[in-house]
Amino acid sequence: MKEYSVINTRVPRVDGRAKATGKARYADDLSMPDMLYGALLQSPVAHARIRKIDTSKAKKLPGVKDVVTAQEAGAVKFGVSPARYDETIFCIDKARYVGDEIAAVAAVDLETALEAAALIEVEYEELPVVLDPFEAIKEGAPVIHEDFPNNIGAEVHQEFGDVEEALKTCDLVRTDKFVNKKQDGAFLEPQACLAFYDPGRGLTLYSSTQAPHYVQRTLAMVLGLPIGKVRVAQPCVGGGFGPKASASTLELTTSLMAIRTGRPVKMAFTREQVFWHSRARHQFFHELTTGVKKDGTLVALKNTCYLDGGAYSSFGIATVYYAGSLLGAPYRLPNMKYDGYRIYTNKPANGAQRGHGGVAARAAWEQQLDIIAADLGMDPIEFRLKNIMQRGDITCNDFNMSSLGMKECLEAVRSGSGWDKKKGKLPRGKGIGVACGFFVSGAGFPIYRSETFHSTAVIKLSEDGGTVNLYTPAAEIGQGSDTVLTQIAAEALGVRYGDVKVSSGDTDFGVDLGAYSSRQTLMSGHAVKQAAEEARRQVLEVLSEQLNIPVEEMDIKDGLVLFKKEGVDFSALRTRYIKEHRGWTDPPSGKHFTFVEAARLAYLARGTIVGTGAYKPGELGGKYKGAAVGTSPAYGCSAQVVEVTVDMETGQVTVDKMTDAHDCGFAINRTNVEGQMQGSLSMGLGEALFEEVKFDGGGRVANPTLGEYRIPTCLDMPNVETIIIESNEPNGPFGAKEVGEGAIMPTIPAILNAVYDATGVRINELPVTSERVFDRLKEEKERRKEV
Amino acid sequence: MHLLPKFDYYEPRDIGEACKLLSQLKGSARIIAGGTDLLVNMKKGLLAPRSLVGIGKIPGISEIEPVNGGISIGAHLIIQKLVEFDLIRKKLSVLSRAASVLGSPLVRNRATIGGNIVNARPAADLPPPLIAMGARVRLKSRRQEREVPLDRFFRGPGETVIKPGEILTHIVIDALPPFTGGDYIKLMHRRSLEIAIVAVASRITLDGPDGVIRDGRIILSSVAPKAIRAVRAEKALIGERPSEGLFEHAGQIAATECTPIDDIRGGAGYRCSMVGVLTKRTLSGALREAKGQ
Ligand SMILES: Cc1cc2nc3c(=O)[nH]c(=O)nc-3n(C[C@H](O)[C@H](O)[C@H](O)COP(=O)(O)OP(=O)(O)OC[C@H]3O[C@@H](n4cnc5c(N)ncnc54)[C@H](O)[C@@H]3O)c2cc1C
Numbered sequence: 043m044k045e046y047s048v049i050n051t052r053v054p055r056v057d058g059r060a061k062a063t064g065k066a067r068y069a070d071d072l073s074m075p076d077m078l079y080g081a082l083l084q085s086p087v088a089h090a091r092i093r094k095i096d097t098s099k100a101k102k103l104p105g106v107k108d109v110v111t112a113q114e115a116g117a118v119k120f121g122v123s124p125a126r127y128d129e130t131i132f133c134i135d136k137a138r139y140v141g142d143e144i145a146a147v148a149a150v151d152l153e154t155a156l157e158a159a160a161l162i163e164v165e166y167e168e169l170p171v172v173l174d175p176f177e178a179i180k181e182g183a184p185v186i187h188e189d190f191p192n193n194i195g196a197e198v199h200q201e202f203g204d205v206e207e208a209l210k211t212c213d214l215v216r217t218d219k220f221v222n223k224k225q226d227g228a229f230l231e232p233q234a235c236l237a238f239y240d241p242g243r244g245l246t247l248y249s250s251t252q253a254p255h256y257v258q259r260t261l262a263m264v265l266g267l268p269i270g271k272v273r274v275a276q277p278c279v280g281g282g283f284g285p286k287a288s289a290s291t292l293e294l295t296t297s298l299m300a301i302r303t304g305r306p307v308k309m310a311f312t313r314e315q316v317f318w319h320s321r322a323r324h325q326f327f328h329e330l331t332t333g334v335k336k337d338g339t340l341v342a343l344k345n346t347c348y349l350d351g352g353a354y355s356s357f358g359i360a361t362v363y364y365a366g367s368l369l370g371a372p373y374r375l376p377n378m379k380y381d382g383y384r385i386y387t388n389k390p391a392n393g394a395q396r397g398h399g400g401v402a403a404r405a406a407w408e409q410q411l412d413i414i415a416a417d418l419g420m421d422p423i424e425f426r427l428k429n430i431m432q433r434g435d436i437t438c439n440d441f442n443m444s445s446l447g448m449k450e451c452l453e454a455v456r457s458g459s460g461w462d463k464k465k466g467k468l469p470r471g472k473g474i475g476v477a478c479g480f481f482v483s484g485a486g487f488p489i490y491r492s493e494t495f496h497s498t499a500v501i502k503l504s505e506d507g508g509t510v511n512l513y514t515p516a517a518e519i520g521q522g523s524d525t526v527l528t529q530i531a532a533e534a535l536g537v538r539y540g541d542v543k544v545s546s547g548d549t550d551f552g553v554d555l556g557a558y559s560s561r562q563t564l565m566s567g568h569a570v571k572q573a574a575e576e577a578r579r580q581v582l583e584v585l586s587e588q589l590n591i592p593v594e595e596m597d598i599k600d601g602l603v604l605f606k607k608e609g610v611d612f613s614a615l616r617t618r619y620i621k622e623h624r625g626w627t628d629p630p631s632g633k634h635f636t637f638v639e640a641a642r643l644a645y646l647a648r649g650t651i652v653g654t655g656a657y658k659p660g661e662l663g664g665k666y667k668g669a670a671v672g673t674s675p676a677y678g679c680s681a682q683v684v685e686v687t688v689d690m691e692t693g694q695v696t697v698d699k700m701t702d703a704h705d706c707g708f709a710i711n712r713t714n715v716e717g718q719m720q721g722s723l724s725m726g727l728g729e730a731l732f733e734e735v736k737f738d739g740g741g742r743v744a745n746p747t748l749g750e751y752r753i754p755t756c757l758d759m760p761n762v763e764t765i766i767i768e769s770n771e772p773n774g775p776f777g778a779k780e781v782g783e784g785a786i787m788p789t790i791p792a793i794l795n796a797v798y799d800a801t802g803v804r805i806n807e808l809p810v811t812s813e814r815v816f817d818r819l820k821e822e823k824e825r826r827k828e829v
Numbered sequence: 175m176h177l178l179p180k181f182d183y184y185e186p187r188d189i190g191e192a193c194k195l196l197s198q199l200k201g202s203a204r205i206i207a208g209g210t211d212l213l214v215n216m217k218k219g220l221l222a223p224r225s226l227v228g229i230g231k232i233p234g235i236s237e238i239e240p241v242n243g244g245i246s247i248g249a250h251l252i253i254q255k256l257v258e259f260d261l262i263r264k265k266l267s268v269l270s271r272a273a274s275v276l277g278s279p280l281v282r283n284r285a286t287i288g289g290n291i292v293n294a295r296p297a298a299d300l301p302p303p304l305i306a307m308g309a310r311v312r313l314k315s316r317r318q319e320r321e322v323p324l325d326r327f328f329r330g331p332g333e334t335v336i337k338p339g340e341i342l343t344h345i346v347i348d349a350l351p352p353f354t355g356g357d358y359i360k361l362m363h364r365r366s367l368e369i370a371i372v373a374v375a376s377r378i379t380l381d382g383p384d385g386v387i388r389d390g391r392i393i394l395s396s397v398a399p400k401a402i403r404a405v406r407a408e409k410a411l412i413g414e415r416p417s418e419g420l421f422e423h424a425g426q427i428a429a430t431e432c433t434p435i436d437d438i439r440g441g442a443g444y445r446c447s448m449v450g451v452l453t454k455r456t457l458s459g460a461l462r463e464a465k466g467q
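Each protein sequence line maps, in turn, to chains H and G. Each position in the first sequence, counted from 1, maps to that position plus 42 in the working numbering. Each position in the second sequence, counted from 1, maps to that position plus 174 in the working numbering.
By construction, these hints were calculated from the structure, which means they are not laboratory data. For every residue, glycine included, the Cβ atom is placed at its ideal position computed from N, Cα and C.
Straight line, CA to CA, 30 Å or less: simulated DSS-like cross-link-like pairs of lysine-lysine:
1) 101/H x 218/G
2) 231/G x 314/G
3) 218/G x 94/H
4) 180/G x 99/H
A few chain G residues that face chain H, going by a derived Cβ cut-off under 10 Å, partial list only:
5) 176
6) 177
7) 278
8) 361
9) 363
10) 365
11) 445
12) 451
13) 454
14) 455
Computed Cβ-Cβ distance ranges for the label pairs, DEER-style:
15) 165/H x 331/G: 33 to 39 Å
16) 278/G x 550/H: 38 to 44 Å
17) 661/H x 278/G: 50 to 56 Å
For reference, chain H alone in the conformation it holds in the complex:
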């Protein structure tokens, strides 16, 4: 393999110091002179017609500068997919969930804003509430959106091969049901934003978002501003995991009030509001039928899924597709049928969350595959290996595995965990389980129909030659894209890591679709690499002219210009550089001509040196309806082995150890790759064992706090052994592809399979609380008594 200087290393994060010392500034830390504070009024009821809104008392409160309702905000619809724009800034005729936004206030301080919001009087005519998706599709159920009288907001029917016929040829066919629970993103930083408006320069919004570009487009569309007059920029962002990947009423209202008042306005969610706004993982009800041959060959899969969508579509159109399309692979499966239904209910809208649409499906299927392996008398790893896909394989739904280290991952966790010594040999109460999974490395298409590039980048060399400025609109949300893109720029240009200064997450820098679908390392990485190569070419061209050496006979590495031939005399250029910089410290010396000297001379010859890059995926597979959801330039994959202890008297599950192998194509930053693996595992462990957003009968979130919505603490996380597999993806920059989401796929089913190994009971409903395990153990005991 080629020798690299900056990539494939463990350089520290560019933002590490600021974050560790508390100097990093997040949206709620920002403040401006004359700034107003915003507060929202949200519906206390889950379904109601809005009869009347009286804002007069709120307006009269001293210190209040603006009060807005649908009357002021207008009726422009927005959402995520243009096919399902079903939201307006504020409720117009109806409130559809507890938390639906009714009005907002801007005032001189937060106390006043909150007091004023509470003074707004709303007359609700309560309507029947429907919380259960299966109730919602019954004849005569309350209708949530007039356009969808049966409450089915989206449905998908796909078939590849012929599943019914194929099932007839199988030796073993099993049907199982599975259900997860509605999740919360539980990012550390609740959404917050600050907007200000200048009639000449337009609107600026600083927001805690994963997708500045989509927010920019939505703001322009809904507020009726030219796109060029809307700038969206990120301060530091404290995590997103999906729910921050689209524009929200928080951002729209804050902007609206900034425009109306002419003053900066800041507004932030409380933790409760994060739960109400939600847009996190759906609840999925899967029924899977899988057929195999005696020898373990997978033949067919039939997948039916009902999704509890909540009150609006959000990312749900993509979700309902993903819940089907992310099965099949990483196994060679010739026949697959999917029927999916996304149903409106009077609950906070569900959207995208790490492993978008595929996590529950994966958990359901990998557990079923484990049962099938046991029924066939095969080791679960052998069974998987028998069907495993490899580089170059194409799935029945046309996903091209242009690289795929799935087999390598599975073999790595098998030996890394000591599987062969443990499986089937552990005492009761101890168990080991395995699972696999894969994920896209960037959605193949933008969420709106367009031929736009997905990522652009600009590199500008400072005129003195000493600094490489990287301007990328890509979104750093804590996952480390600033670091990885800095490394890519440095490597491609040939300078040191510290020579590159990255600025990111600003729509003024260009177009980048944002931090979702695990796309930025591959897509933004390509754009940055191209921009760096372009800048490098220009510098070398000038050198070539001045030294009379062909460009091909020069290279730049570690900040030095390397000549292929010995004895190049660059002393005249060095003298020129030193003369230019009389009085400056550190005149260049030594036997190598430096990049700094070369970049300065390039500027003197050509003016400012700027390189640009732009990326969009090439032609992708799939001509069928919905092929846009799942086709990707590359796919990452993971295998995990989990070891658990189950307390057979209380049912309590302890995860003792996790061994995880992930194929990220090529690790630009090894520490970041491991960080994503660990983070995915912890999120998966939380969903498997603890996390569930609960509701009372009126549709109010019953546990909108991080006390009662339990994400794992560090004491719940076991030691994780992370194994990086590198399959060199041909479509990725330097061979890199995703790690951010694929790594969560196997976690839940590996835990479920380990719990089964320990106890002999299968759990088909998350989370695996001690009470649920206890009940299943009791049932099993009673069943055995009867037999």
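Starting from the known structure of chain H, arrange chain G with the ligand on it as the hints suggest.
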């Protein structure tokens, strides 16, 4: 958004001044210790006292001291100290065990033992081991000072016998008889930052290293409006030779003595079953300690 309501703040320098202040402010004042319960409730709008009286500057109520073979614990002691102090770990290990599973390091470094008691939540971690060990609380007001056994202190969720104007100053535990041991187990969803699904504290005293059980206490928490004693299960132990079978039997009785509810943390049926398991296990733990193992 939850903002703290406005209030006046006082910081008396000694217990006398504090008592005087409380009696002057009558019902409009609240004592604030670590604030980990009080401020949360104030932010939620459940409480809006006009004044808060901080007791952090009062000398003599934040110490752990041996007295006549027993132990006196100042009410203002932060809970982390119960985890760390040798005297507690050696003589009242059941209390330090309970303290070590309360909240998180952040909470343990602010919250006080007094606040945990006076707050009177049905799932609070410190009352069960304290009741098991026969603790009394010392209450001081402007006019008098009195001691109340902790198992007669609680009346229901958030309700105690403390009167307005009274300050809890000390928790007193008399010398424990020889061959006494205790244990506390808190069943939690996750490992930290948890309110108990069910918790049980047990204590037994043997009449000799291999003797019969002379005295036994079983305190059930999170299964009734306040921590309760499983009286019939306790009776079943007295005079018996300790054994797994006996403890299992006591657990089965205890499971019938609680009145849990279904709530967001767990179902009533599961809680009853767990009372049985945890009673058995804590009795075994207490036995090991009583035998000095
Ligand atoms: C995140 C979090 C996690 C938690 N986890 C747990 C847990 O696992 N287990 C658990 O049991 N609790 C838990 N708690 C609750 C809380 O921390 C404890 O109850 C704590 O011990 C209260 O002590 P404090 O000093 O903070 O009391 P404060 O909040 O200051 O006071 C509580 C009440 O006691 C009164 N008071 C305090 N001191 C005195 C005194 N000396 N005399 C008279 N009245 C007094 C106050 O007026 C107030 O009514 C948790 C709280 C939080 C915020």
